[in-house]
Amino acid sequence: MNAADSAVAQRAARIGAPLLVVERASLAFGGVQALKDISFDVREHEIRAIIGPNGAGKSSLLNLINGVYTPSDGTIAFDGIVRRSMRPHEAARLGIARTFQSLALFKGMSVLDNIMAGRALRMHCGLLAQALHVGPAAREEVVHRRFVERIIDFLEIQPYRRQRVGSLAYGLQKRVDLGRALALEPRLLLLDEPMAGMNLEEKQDMCRFILDVNEEFGTTIVLIEHDMGVVMDICDRVVVLDHGRKIGDGTPDEVRASRAVIDAYLGIAHAH
Amino acid sequence: MRIEARLRRQWPVVALGTLLLAGLAAPLLGGMTSPGFFLEVLLGGLMAGVLYALVALGFVLIYKASGVFNFAQGAMVLFAALATARLAEHMPLALAAALALVMMVALAWTIERLVLRPLVNQSAVALLMATLGVSYFLEGLGQAMWGNDVYRIDLGLPKDPMIVGEKWFEGGILLSPEDLVAASIVAALVLALWLFFQRTSTGRALRAVADDHLAAQSIGIPLNRIWVIVWSVAGFVALVAGLVWGSKLGVQFSLAQVALKALPVAILGGLTSVPGAILGGLIIGVGEKFAEVFLGQAMAHWLQIEGGGIETWFAYVLVLAFLLVRPEGLFGERHIDRV
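As they're listed, the protein sequences go chains Y and R.
Residue numbering for the first sequence follows this note's numbering, starting at 1 and increasing by one per position.
Residue numbering for the second sequence follows this note's numbering, starting at 1 and increasing by one per position.
So here's chain Y without its partners, still in its complex pose:
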């Protein structure tokens, strides 16, 4: 009891100032309002979940943060810098990495190359030096390779490192996707349904990886799920979306107790 309490207190102490602040963000595609007036923040070292039924706008929100979409209204501030539009590769430069719901791996490339590609931003040597593997380029490749091997160990995918990603089992591909994002050494990691389509054992593995990433590297994490179960156990705070609006925000316990959230999930029009 006491031990659990102190663990919670310790976690709370690690959580810092807001890293990402979304202020009254809206997103419209033509006449369709995908997101309306969404405000929330994500604090440093936090694991923040965004949940909601299918079609609630979760992925749209993630794409907004990552710069794939530009908000039609409102602002997004990362690390104190407010901006309205930004492209995905600029987001990556600032330290925002992501994984994809329907896998978007480089299928023709090996596991190693996929994760090495995640280091692209940190490689600076000239083309010719790279091609000939001489001098600083050789050293650079070795340094990054070492880092990538650590990620591979961490995700327990050592036996597959030379295999083509397209030939791997789905659960393993999900890990490679996470590995590629980790290779960026992101400050903010966006996970789009990391547990979708997994069996229970794979889900537990993925939860462990997410918690370890957060613990060991201090990475702030935003993750999307439509299945409430697993997420509630590992996240600090939850945003609940339904039909493009925010209908709940708070700790897992608060959210679970909220009438609006229960209705959204069970689809009950609450008539007295």
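Read the hints as simulated data drawn from the structure, not as lab findings.
Hints are supplied without guarantee of correctness; some may be wrong.
Said to hold, decoys possible - Chain R is faced by these chain Y residues, among others (derived, beta-carbon under 7 Å): (1) A92; (2) A104; (3) D113; (4) G118; (5) L121.
Claimed, not checked - Stretch-level coverage of chain Y by chain R, calculated; a stretch enters the list once three of its residues show a Cβ under 8 Å from a Cβ in chain R: (6) 33–46; (7) 94–103; (8) 176–185.
To be verified - Take a look, some chain R residues computed to stay more than 12 Å from chain Y by CB distance: (9) L29; (10) P118; (11) A144; (12) G147; (13) V181; (14) L214; (15) L249; (16) H301; (17) G309.
Predicted model only: the values in this text are computed from it and were never measured.
Note that the Cβ used here is the ideal one computed from N, Cα and C, for glycine as well.
Position chain R against the provided structure of chain Y, taking the given hints into account.
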């Protein structure tokens, strides 16, 4: 067992291979020709195939990285060759070629800025039309800057044909050293490209973009820069093709039409496959020479017609027949869509 299963799955390739081999062997077996002449035709076909492959390679590189079907590849070959030929009148050839390369890089940058970037996310047809426009623009620009005569590029290759193998064949085989050197240049180019794509981090980024645009952007790879790089590489390939071709046949405006020959080559190879482009080029090069020489003879003999002109349409018929059984080409990605 596994080989057998693979062969069964790959039956269109096997069938094409068998058919080609049969087509190759037929003139020999039919006693229509001497082995020496047969080999000469074969080598001539391979040489033409190497050049087709070079142009097809440019198609494939750009298609892989940006999904754009670059119709202007032929015009790029012409432009690069023209630039080199005319500049070489005032300076050493190496310097002229280097300047032409600089021009191709500048061209890549301009195309990215003025054509690709404004048309991003437009349909493939819009982009194809845009490259058609680029193609005609390049031809016009080339003519305006350098005129439309036939120009020579002298790579200093040995021109005198050698006769080899007199011991084995009657009369030996007529072999052009120029062709041999050209073939080695092409082989070196392919090796360099392979090194670039497989061993450099820029190459890795290019492969990443070819696989998935969005994911590549999300790990910090800027698409615009990658496009400039890949169009520059295609420009470099075009320059090499232009030099080799121009040295063999002279630089003239019909060079741009080579795109029409490289098109079936790229499609036969599978559009996204570099080895496919090379193999496809060789198949079509050899195939059309054989068809012209031997099939033409046979047709003239049996049907009592002139029997020429097969070379111009053979590539297209071959590709059409092949696509009927294997729409993704030799090594292309097979698309299975869920319904």
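Status of each hint after checking the structure:
1. A92: holds, 3 Å
2. A104: Holds, because the Cβ-Cβ distance from A104/Y to chain R comes to roughly 4 Å (cut-off 7 Å).
3. D113: holds, 6 Å
4. G118: Holds. Min distance 5 Å.
5. L121: Because about 4 Å separates L121/Y from the closest Cβ in chain R, which is inside the 7 Å limit, the hint holds.
6. 33–46: violated (count 0)
7. 94–103: Satisfied; 3 residues make the cut.
8. 176–185: This one holds; 4 residues, not fewer than the three required, reach chain R with a Cβ under 8 Å.
9. L29: holds, 41 Å
10. P118: It holds; P118/R is separated from chain Y by about 16 Å at its closest Cβ, greater than 12 Å.
11. A144: holds, 33 Å
12. G147: holds, 35 Å
13. V181: The assertion about V181/R holds, with a minimum of 24 Å to chain Y.
14. L214: violated, 6 Å
15. L249: Non-interface label on L249/R holds, nearest chain Y Cβ at 32 Å vs cutoff 12 Å.
16. H301: holds, 49 Å
17. G309: holds, 41 Å
Going through the hint list in order, the structure does not satisfy hints 6 and 14.
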